[in-house]
Amino acid sequence: MEKKNMGLLSPYRVLDLCDEKGVVCGRILGDFGADVIKVESPGGDPCRNIGPFYHDIPHPENSLFWFAYCANKRGITLNIESADGKEIFRKLVKTADVVVESFLPGYMDSLGLGYTELSQVNHSLIMTSITPFGQTGPYKDFKGSDLITWSVGGMTQVSGYPDRPPLRASFPQSYPHGGAVGAAGTMFALYYRTISGEGQYVDVSIQEQVVRTLCNVRQFWDVCRINLNRAGQYRVGLSAASNNRLIWQCKDGYVCFNTAFSAGPSGRSNQALVDWMNNEGIKDEYLNSIDWSEYSAAQTTEEQFARLEIPISKFFMKHTMAELFEGAIERRVMIYPAYSAKEIVEDPQLKDREFWEELEHPELDDTVTYPGAFVKFSETESGLRRRAPLIGEHNQEVYAELGLSDEDLLILKQSGVI
Amino acid sequence: MVRALFEGVRILDFTWAYVGPVAVKYLADQGAEVIHVESSTRPDPIRAAPPFKDGIPGINRSAYPACFNNNKYSLALNLKHPRAKEILERLINWADIVAESFAPGAMARLGISYDNLVKIKPDIIMYSTCQQGQTGRHSKIAALGTQLVALSGFTQLTGWPDRDPTGPFGPYPDTIAPPIGAAAIAAALDYRRRTGRGIHIDLSQYEAAINFLAPVILDYTVNKRIQRAQGNHCPYAAPHGIFPCKGEDRWCAIAVFTDEEWQALYEAMGNPQWVRRREFATLLQRKKNEDELEQQLARWTINYTAEEIMYKLQGVGVPAGVVEKAEDVQNDPQLAHRHYFWQLEHSEIGKHNYEGPPFRLSKTPAELNRAGPCLGQDTEYVCRNILGISEELFSRLSADGVFE
Chain A
1 MEKKNMGLLS PYRVLDLCDE KGVVCGRILG DFGADVIKVE SPGGDPCRNI
51 GPFYHDIPHP ENSLFWFAYC ANKRGITLNI ESADGKEIFR KLVKTADVVV
101 ESFLPGYMDS LGLGYTELSQ VNHSLIMTSI TPFGQTGPYK DFKGSDLITW
151 SVGGMTQVSG YPDRPPLRAS FPQSYPHGGA VGAAGTMFAL YYRTISGEGQ
201 YVDVSIQEQV VRTLCNVRQF WDVCRINLNR AGQYRVGLSA ASNNRLIWQC
251 KDGYVCFNTA FSAGPSGRSN QALVDWMNNE GIKDEYLNSI DWSEYSAAQT
301 TEEQFARLEI PISKFFMKHT MAELFEGAIE RRVMIYPAYS AKEIVEDPQL
351 KDREFWEELE HPELDDTVTY PGAFVKFSET ESGLRRRAPL IGEHNQEVYA
401 ELGLSDEDLL ILKQSGVI
Chain B
1001 MVRALFEGVR ILDFTWAYVG PVAVKYLADQ GAEVIHVESS TRPDPIRAAP
1051 PFKDGIPGIN RSAYPACFNN NKYSLALNLK HPRAKEILER LINWADIVAE
1101 SFAPGAMARL GISYDNLVKI KPDIIMYSTC QQGQTGRHSK IAALGTQLVA
1151 LSGFTQLTGW PDRDPTGPFG PYPDTIAPPI GAAAIAAALD YRRRTGRGIH
1201 IDLSQYEAAI NFLAPVILDY TVNKRIQRAQ GNHCPYAAPH GIFPCKGEDR
1251 WCAIAVFTDE EWQALYEAMG NPQWVRRREF ATLLQRKKNE DELEQQLARW
1301 TINYTAEEIM YKLQGVGVPA GVVEKAEDVQ NDPQLAHRHY FWQLEHSEIG
1351 KHNYEGPPFR LSKTPAELNR AGPCLGQDTE YVCRNILGIS EELFSRLSAD
1401 GVFE
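In order, the protein sequence lines correspond to chains A and B.
So in our numbering, spot 263 of the first sequence is number 263, and the numbers just go up one at a time.
Going from the second sequence to our numbering is simple: count from 1 and add 1000.
Treat the hints as calculated values from the structure; they're not laboratory data.
The structure presented is a predicted model; accordingly, all values stated were derived computationally and were not measured.
There may be inaccurate statements among the hints.
[Unchecked claim] Cβ pair distances, simulated, as ranges:
hint : chain 1 : residue 1 : chain 2 : residue 2 : range
1    : A       : GLN120    : B       : TYR1311   : 51 to 59 Å
2    : A       : LYS342    : B       : TYR1381   : 49 to 57 Å
3    : B       : TYR1381   : A       : SER124    : 48 to 56 Å
4    : A       : ARG331    : B       : GLY1105   : 15 to 23 Å
5    : B       : GLU1308   : A       : ALA400    : 21 to 29 Å
6    : B       : GLU1308   : A       : HIS123    : 41 to 49 Å
7    : A       : PRO58     : B       : GLY1350   : 53 to 61 Å
Cβ coordinates follow ideal geometry from the N, Cα and C atoms, glycine included.
Build the full structure now, drawing on both the sequences and the hints.
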């Protein structure tokens, strides 16, 4: 069932204590080849309660959130709040290179398992904490779910319609961002340890990473004192006017196209679209009067954008997403269709790339198709080696390595430690 | 003195726009030496994008590219010039990492594909990132990050059930790839240090973005369900939304997951009559009557500022947060406490703010010490001081137009 681990990080062991806020960090390190052990509380990790579920049967062994983000990890159960659990955890830390956690700031310290204590157990340990606002500062104890960090980081303000409340993405995005940047911080610390022998503590703030998703919005305030606002299906951030349409309706869905911000490739794309429209009999005088090689969206007025929009809209409504994408590729027009999961799964490009991976789930008597690795490397494996663990699936092999006997495990199981 | 984390690591950076430069910036902020190769014959497209200092366009006046390229040297080099090779080979010999974000094939046309780089320097690390990866039938499609939002599923998943979707702000998937790229580069450096072997990293921005929706994708591959946008709702929380506050376009996000949080919320509201109704007593009831619940809650939030709501609710353990505008982000007390922004002096923009890393490393702090460079501002320094080119050769190449 399990493929051989040939990954970049195959000598390293990561203990992953994260809930949904940081669980992606271990998945990325696992893709890179690390031996990631997900440490769950007995009875199962909170991530297992997050849907959707396999065949819509809500059960901790059926969470597709868990399947997705705990693939490439082994799994053990351990109550780190109990005396035995703490002792076992310290033993485990001796065998590990990295601990990743996403509890409230101070929680691990309160158990005597903070970085200061654990680094005495293992001098070269790296400990990464992924929290909504970081370990310090006036918001550090704030509760931060996805909607909160996405908002306090500034993203909701500029997403959605101007006549409706600010808007988040319907699948939480703060958390995978926290995990991804946690992986970067952890890798930086690991590299430094390889050079110097020293471990360290990595304090990740999800809010700070969300600010990075603002692209140039924050700079608009910084140098122009302009607060950009959300503009529905129009492009925000390329001019203060924001009347450059981005999402367009077509015959069977939506496509994404905008006249972009500069000449060069965007100018050629615009010209190719106008030629295409001309060929199909939508010959607009205004569109044809523009010298696209000199065009700049930043200097286009609201009225000019409005004049662009009418004929282009008419053209898109005549075609399906597939027709527009195919024609756009041929003519080098920058149009992408707005895909749902179905079209993504069917995309021939991803098949060419062998992106999809099949993992067997013997306990379900089924094989599940997964999105593949986050990154491809030329000479090492970075794909999926194993499905996400069942509750306590690797207790025996991991605890045996620590010298715990089957008898010990029986006692620990019955006392709720594992 | 504390040693910088990536001290001695040298990156030759051919990237442009957002994804490539930001990944490299993570390493530059932690002490890597970075030469960013640009050319006035083919400038970074975002040098032409706002915000410009005083609103006046100019190749060195936008804070947009500046903020992604601080701590880097800018070398102007026309890669298509016949004599660019003389510089290029020295640069490759100097570098540990070559980073690029061109359309696949562009590096090969310049004679610096991974295979060629390895011939010059066997243990080179190459970081390639583009929209759809280095291989496959669509690998060479040119498009912008704002359009990849649609392809990777985010447009369809951001919107209100009763309206056309809007997608999240901007070139959203562009912001997903950089931390993953930075992690991959560091992993490659670590691997090389242990094994002596280089590597080629192929980061498809599309594939990274799909992984940020992996459970949604599995819902289709396993259950054949196509998920659509659902406003700000969350299947297992209520209320879960963004509510109007006092002031113009001011909002506060509130997310209630547990009975304790619900109780704390209605107590903070002063136990109004409506919360005692059966329609709001349990999560199942609140989910059923979510529209009315939100209307009721909005009637309360509108009487307070967003900050008042946040502090009041967080004070009693209810997740709540101000919907921050750019101005609020810039002045955010939490970010200020953590010294997230660094003010640097740019020769044309003047003093402005730069994002530091979203993590703090306890023993190897980041240091942002040079503003985003003007195009080609370090050309002579890089050639003479870093590459050791003689004054005479530099002048001759300069006169030939190599450094345009």
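Comparing the hints with the structure gives:
1. A/GLN120 to B/TYR1311: 51 to 59 Å: This hint is violated: roughly 38 Å between Cβ atoms.
2. A/LYS342 to B/TYR1381: 49 to 57 Å: At 53 Å between Cβs, range holds.
3. B/TYR1381 to A/SER124: 48 to 56 Å: violated (38 Å)
4. A/ARG331 to B/GLY1105: 15 to 23 Å: Holds, since A/ARG331 and B/GLY1105 (Cβ atoms, about 19 Å apart) stay within the stated range.
5. B/GLU1308 to A/ALA400: 21 to 29 Å: Between B/GLU1308 and A/ALA400, where Cβ atoms are some 56 Å apart, the hint is violated.
6. B/GLU1308 to A/HIS123: 41 to 49 Å: Given a distance of about 47 Å, which is inside 41 to 49 Å, the answer is holds.
7. A/PRO58 to B/GLY1350: 53 to 61 Å: Holds, since A/PRO58 and B/GLY1350 (Cβ atoms, about 56 Å apart) stay within the stated range.
In summary, the numbered hints that this structure violates are 1, 3, 5.
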